[in-house]
Amino acid sequence: MNHLVLEDISKRFGSACALDHIDLVIPQGKLVCFLGPSGCGKTTLLRIIAGLETPSGGNLSLDGRDLTQVPANQRDFGMVFQSLALFPHMTVAGNIAYPLRLRGVSKIEQARRVAELLELIQLPHMAQRPVAQLSGGQRQRVAIARAIASEPKILLLDEPLSALDAKLREAMQVEIRLLQQRLGITTIMVTHDQREAMTMADVIVVMEQGRIAQIGAPLDIYRDPASEFVADFIGLGNILAATHNGQDEVSLPGGHTIKVSAAPQTAGKAMRLLIRPEDICVTYGAAAQGPNRLPGTITFIRDVGASLEATIDCAGFTVTAATTQRETPGLLVGMPVFAELPARACKLIEARQ
Amino acid sequence: MNLSLRLERPMPGQLGRATSMLATVVLVLAALPIITMIVMSFSASDTLQFPPQGYSFQWYRAAWHTFASPDASDVLSMGQALMTSLTVAGSTMLIATALSIPAAYALNRFNFPGKAFVEQFISLPLVYPLVILGLSLLLVFNWLPADLGVFRLIIAHVILALPFTVKNCAASIAAIGPEFEEAAYMLGARPLRALVDIVLPLMRPGILAGMLFAFIVSFNEFTVTFFLYDINTMTLPVWLYSRTVSSLDPTVFSFAVFIVLIDFALIWVLERLVGDEGVAL
Chain A
1 MNHLVLEDIS KRFGSACALD HIDLVIPQGK LVCFLGPSGC GKTTLLRIIA
51 GLETPSGGNL SLDGRDLTQV PANQRDFGMV FQSLALFPHM TVAGNIAYPL
101 RLRGVSKIEQ ARRVAELLEL IQLPHMAQRP VAQLSGGQRQ RVAIARAIAS
151 EPKILLLDEP LSALDAKLRE AMQVEIRLLQ QRLGITTIMV THDQREAMTM
201 ADVIVVMEQG RIAQIGAPLD IYRDPASEFV ADFIGLGNIL AATHNGQDEV
251 SLPGGHTIKV SAAPQTAGKA MRLLIRPEDI CVTYGAAAQG PNRLPGTITF
301 IRDVGASLEA TIDCAGFTVT AATTQRETPG LLVGMPVFAE LPARACKLIE
351 ARQ
Chain B
354 MNLSLRLERP MPGQLGRATS MLATVVLVLA ALPIITMIVM SFSASDTLQF
404 PPQGYSFQWY RAAWHTFASP DASDVLSMGQ ALMTSLTVAG STMLIATALS
454 IPAAYALNRF NFPGKAFVEQ FISLPLVYPL VILGLSLLLV FNWLPADLGV
504 FRLIIAHVIL ALPFTVKNCA ASIAAIGPEF EEAAYMLGAR PLRALVDIVL
554 PLMRPGILAG MLFAFIVSFN EFTVTFFLYD INTMTLPVWL YSRTVSSLDP
604 TVFSFAVFIV LIDFALIWVL ERLVGDEGVA L
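Same order as they appear, the protein sequences are chains A and B.
Just so we're aligned: the first sequence equals residues 1 to 353 in the working numbering.
Just so we're aligned: the second sequence equals residues 354 to 634 in the working numbering.
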């Protein structure tokens, strides 16, 4: 079902173009992630949806009702800010009850709802604490509780986890995702962290310089990026200059030739070959040379215990292969190995301009 | 090696010998007028000789006498002057603050043509010669058809207090990011409601600091007031001055000690209210 519809949204700041004719449909009950490097316009787009920024052109509608001219305070959207913006002069309960107070909800009903929300975010008995006394993760949860207190139609999250340390951030990603699914609330999140987007989102909108580069499910985007920019931005990838020789063969720098499956029609265009580190098979020793197996030397090993990344110099280009100690024991820097680039995992994409 | 050897060079923030002496000199210079005044207020002689020959409470007794049962010869009693001072200082405090909050908000949140000029203009009384300011205001007030009475002083004092109140309010607004208001909008608050519920409470330290500054500036103001007061609107500093020119009366030192005590109390309150959150001068 089409829920929130953005049609031809543009935003200019002076002569600079922050958003360039954005068309987007946000489906009901899903978590949609705007992902992109800083300055790609993702925050501006979120602020336009929130009503905190006016678009220079275009329309915004929710369930068929035009929202373009509706001020932020009447849109009934909840928002968690990057800085959280909890009101420091109010208690936890005061913060969470504020949207209810504005809607003239009775004191008793306010208290009931605050207790319910504190239960939901697993912070009961915290109602009377000043927000200054909370830890980072607790503030995070209070900010979310405040944003959903009045049961808004849409929840907007503007890089909500950027202030937390890595471990807590991972835990909160799961927590927010579970909460979002439990409440079934349509949620739009802005982030520059592709891992965060892949963990949480139903749909990822990759943005580049004020335009949408690709829309899709996280794994679809990861497996089938539409451009070199998307391939580079999402996940770790080996992106190699490639020349398409015809049907199913490409040549790589250094005179290597490998087979690929399902190559697009790309006559005369500069191409790139994308292969994800986990798709590269590292073999060594007696293993004979075979199709798509390129000889090389290990130049660096990043062994973090759970996974192992080996950088392999294949004379002409280097690739990074992800493996584990168990799969490939005894890898050493300087060791001659073969890197197998399986044909089904090699993807040809057009080089960026 | 002995670790303590390394500590002989002063750490950053520790004072060396020369710095300590310089700091002492500066402190003594700053405190000198107050020390002189306190010493003189305990003088046992009838003249303004310094240092006094002996010490007594006679001027405090005389001061109390003047305050409690004013002479018929006095043009105006000290009690009346004190009342005028408190009225003017209180009104100045309220009016200057009421003007400063919206002014500081506008200066911080909006861009408008002439903004830099307005900012400079508000600070003008800090550098403008007070004698000329007093004279100019006197000319303007005399030209007006209506007699403004005590409002002549209040208007003048508000002009003098504005730099302090605006700067304190502006500093506290600058510390409040726009996201607090935006958060309030998103939760359903109209802009005015967000201002009352969120911005004003967060500005409290700056507002209170500005109010106390306004009160102190007005309560101690002499130069401009001297041009503008009349027989019914004499403030305490002008009253004190009138006593020194007429009779070189050492009771003024006893009164002055009281005024300084009041000022100290206000500054102490200021520190307590605002703490480390900062006061802008």
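Do not rely on the hints blindly, as some may be mistaken.
[Stated by the list, open to error] Under the rule of at most 20 Å between Cα atoms (straight-line distance), these lysine to aspartate or glutamate pairs were calculated in the EDC-like manner:
no.	chain 1	residue 1	chain 2	residue 2
1	A	Lys153	A	Glu208
2	A	Lys153	B	Glu535
3	A	Lys269	A	Glu249
4	A	Lys107	B	Asp616
[Claimed, not checked] Part of the chain A face toward chain B, derived, beta carbon under 8 Å:
no.	residue
5	Ala50
6	His89
7	Cys281
Bear in mind the hints are in silico, worked out from the structure with no lab data behind them.
Every residue, glycine too, gets a C-beta built ideally from N, C-alpha and C.
Hints and how they fare:
1. Distance check on the hinted pair: lysine 153 of chain A and glutamate 208 of chain A sit about 28 Å apart at the alpha-carbon level, beyond 20 Å; violated.
2. Between lysine 153 of chain A and glutamate 535 of chain B the alpha-carbon distance is near 18 Å, which keeps this suggested pair within the 20 Å criterion.
3. This hinted pair checks out: lysine 269 of chain A and glutamate 249 of chain A have alpha carbons roughly 15 Å apart, not beyond 20 Å.
4. Restraint check: the Cα-Cα separation between lysine 107 of chain A and aspartate 616 of chain B comes to about 44 Å, which exceeds 20 Å; the hinted pair is violated.
5. Contact between alanine 50 of chain A and chain B, as hinted, is supported at the beta carbon level, the nearest pair being about 6 Å apart and thus within 8 Å.
6. Annotation: interface hint on histidine 89 of chain A holds; nearest CB of chain B at approximately 5 Å, less than 8 Å.
7. Using the Cβ-Cβ criterion of 8 Å, the hint placing cysteine 281 of chain A at the interface with chain B is not satisfied: the shortest such distance is roughly 49 Å.
Violated hints for the displayed structure, listed by number in ascending order: 1, 4 and 7.
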